[in-house]
Amino acid sequence: MTFLLFAEQMLNGLQFGIMLFLMAAGLTLVFGVMGLINLAHGSLYMIGAFAAAAVAGATGSFTLALIASLAAAAAAGALIELTVIRRLYKRDHLDQVLATFALILILSEGTRWVFGSFPLYLDVPSYLSGPVMLPGGIQYPLYRLYIIGAGLLLAVGLFALIARTRIGIQIRAGEADREMIAALGVDISRLYTLVFALGAALAGLAGALVGAIQSVQVGMGEPVLILAFVVIVIGGIGSIKGALVGALLVGMTDTMGGVLLPRVFALFMDPSAATTVGASLGSMLIYILMAVVLIMRPSGLYGST
Amino acid sequence: MKLTKLAMLATTALLAAGAAMAESKVKVGMITTLSGGGAGLGIDARDGFMLALKLSGSDAVEVVIEDDQRKPEIAVQLADKLIQAENVDVMTGIIWSNLAMAVVPSAVAQDKIYLSLNAGPSALAGKGCHPNYFNVAWQNDNLHEAAGAYAAKAGYSKTFILAPNYPAGTDALTGFKRFYKGAPAGEIYTTLGQTDYAAEIAQIRASGADSVFFFLPGGMGISFMKQYADSGVGLPVVGPAFSFDQGILQAVGAAALGVVNTSQWGKDLDNAANQTFVAAFQQEYGRLPSLYASQGYDTANLLLSAIGKADVSDKNAFRAALKEADFASTRGDFKFGTNNHPIQDIYVREVIQEGDVFTNKIIGVALEDHGDAYAAKCKM
Chain A
1147 MTFLLFAEQM LNGLQFGIML FLMAAGLTLV FGVMGLINLA HGSLYMIGAF AAAAVAGATG
1207 SFTLALIASL AAAAAAGALI ELTVIRRLYK RDHLDQVLAT FALILILSEG TRWVFGSFPL
1267 YLDVPSYLSG PVMLPGGIQY PLYRLYIIGA GLLLAVGLFA LIARTRIGIQ IRAGEADREM
1327 IAALGVDISR LYTLVFALGA ALAGLAGALV GAIQSVQVGM GEPVLILAFV VIVIGGIGSI
1387 KGALVGALLV GMTDTMGGVL LPRVFALFMD PSAATTVGAS LGSMLIYILM AVVLIMRPSG
1447 LYGST
Chain B
107 MKLTKLAMLA TTALLAAGAA MAESKVKVGM ITTLSGGGAG LGIDARDGFM LALKLSGSDA
167 VEVVIEDDQR KPEIAVQLAD KLIQAENVDV MTGIIWSNLA MAVVPSAVAQ DKIYLSLNAG
227 PSALAGKGCH PNYFNVAWQN DNLHEAAGAY AAKAGYSKTF ILAPNYPAGT DALTGFKRFY
287 KGAPAGEIYT TLGQTDYAAE IAQIRASGAD SVFFFLPGGM GISFMKQYAD SGVGLPVVGP
347 AFSFDQGILQ AVGAAALGVV NTSQWGKDLD NAANQTFVAA FQQEYGRLPS LYASQGYDTA
407 NLLLSAIGKA DVSDKNAFRA ALKEADFAST RGDFKFGTNN HPIQDIYVRE VIQEGDVFTN
467 KIIGVALEDH GDAYAAKCKM
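From first to last, the protein sequence lines stand for chains A and B. The opening residue of the first sequence carries number 1147 in my numbering; numbering runs sequentially from there. The opening residue of the second sequence carries number 107 in my numbering; numbering runs sequentially from there.
Be aware that a few hints might be false.
Stated by the list, open to error - Pair by pair, the computed Cβ-Cβ distance ranges are: (1) B:385 with A:1243: 36 to 42 Å; (2) A:1247 with B:462: 53 to 59 Å; (3) B:312 with A:1309: 56 to 62 Å; (4) B:191 with A:1252: 26 to 32 Å; (5) A:1419 with B:425: 37 to 43 Å; (6) A:1419 with B:299: 20 to 26 Å; (7) B:312 with A:1415: 49 to 55 Å; (8) B:374 with A:1152: 44 to 50 Å.
As the list claims (entries may be wrong) - Sample of chain A residues at the chain B side, in silico, Cβ under 10 Å: (9) 1158; (10) 1242; (11) 1254; (12) 1277; (13) 1323; (14) 1329; (15) 1333; (16) 1335; (17) 1369; (18) 1401; (19) 1402; (20) 1422; (21) 1429; (22) 1433.
What the hints assert, rightly or not - The following residues of chain B were derived to be distant from chain A, with all beta-carbon distances above 12 Å: (23) 166; (24) 390; (25) 465.
If you are wondering where the hints come from, they were derived from the structure by calculation, not from laboratory data. Glycine included, C-beta positions come from ideal geometry on N, C-alpha and C.
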């Protein structure tokens, strides 16, 4: 394995991790603050991608498309919170899972109803397309660098929001003791709607950013949702810092494992068997990672209690 | 208690009457994917099938359509319902090989005719072949074999090959290597449903390959092509038609231009049946047909041709009539081999742009009168 290949794969792992963070941040906030398991988080990711594809198709502007994805997902999130999720806070987790699973089905078929069954077109804008030369002779797609940059900026912004603003204090307080902050006069239901919409907006933006290099289609959110759950379990449920570390860990493990394992097996197996075994084990690696983390720290890396 | 019995009796009588009335018609049960990921394929196949029935003007066929949601367990339930409650004569429609493997063997064992309009798993072409099972599309390996033959003819000697890690994926790479000369520069099995191919593309770049072959159906192919075009690797790409069919080309966009892919059908094939089909499909549905639509259309026409020759209640005569394949296929020449799988030409197509629509143009023939590698293992 050459240095160039290794460096490129590190960047790929980083970029994948950043994307996972955008998904996991909303999920972990909602779970931490409201104690709600939201399976429909992946649908918000899909809504963001579809909104971006529709706006990019109509206006041709990628920036507008990203704004549309944020707005559409936040609006959808707020609407869902007001109409459905609000009734679930006092219920147990099984009811929440059932109701949000129903939301997945409704949102998926609703999206198909509006946009049709065929994948939509959303492409990287011309000023971000194509590869660039990095120091050391690494050739890397500019758009992926853009994703890394945008994701890191958002992560910094989110940390600032949580640590430095009044809303952030309320969110942290909500995580620690729901009843107490309600007693202190904070409008808890407005805070919940806000947190849910914020998480939805992040998921929607992730959907739009990724949609440009993948396919915008119904059901695109569910595979990512599973990974996002792995991330927040590893990072510790409710912790934004945990979500960031967990996301980077999962991104790196998945990318490097898929590349390195077949090579390791090729040392003592015949090549085609090594690729098959390596690929299978590579896709299991993040779950093994999760199991190991849970054995060492049952509440995740940064989980409370 | 008495009342319930009476109600049941009445229902049974009504059901029997319904069955008696339907006897003059051939009842077709279609199980296909109409919702969830991959619904575009099922919808195209269904639309092609129904178009052929409509154009024929015949009212000899009654179709019951069910949605399997791409889930094997649901497909099995629907098949039971169609066989036991609806009492269909002929079944068709399944898109995915894993669903076909769950449904077809038991359906044909219950003496139903099954006409496959898409899936062609090797297990049903070789040892598991059955007189009641007809495949009107292709055996799964066929288009990949053609891609291998094309790569060899084009002088590629270091092709990098990749496919998802599931049975149809391993079949694809095996099929490709069957007609390909030389050793692949690299061989990767990706995760099924994977959407990010940055790691694989980096390996292609580092491998020193002279071309790339991939089998990534549906959304996976869209993701791969967009990311590949953006990576600047720039090696020529060869693939089966599944990643470049009409339904997804618009989503891939300019990234697919110039890609060579293999298919048993193309919308520009010059025969009367195809011209009628392409024009009628566009008029009826307002979009260009895909290869799945052509397969649905051919399947319905095959069925109609057999209905014209034999009564469906005489299974032997009906099977013989199907085997003759006496219908005007959109692919031109079409006949069945000994294992009831197609013997047909497989073409090489190139992705082009017509106005603002991306589509395929046939540029040559990869394999002529091509059967499949499993026919010899079929004992019927």
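Against which earlier hints does the structure fall short, listed by number upward?
Violated hints: 1, 2, 3, 7, 10, 13, 14, 15, 16 and 22; rest satisfied.
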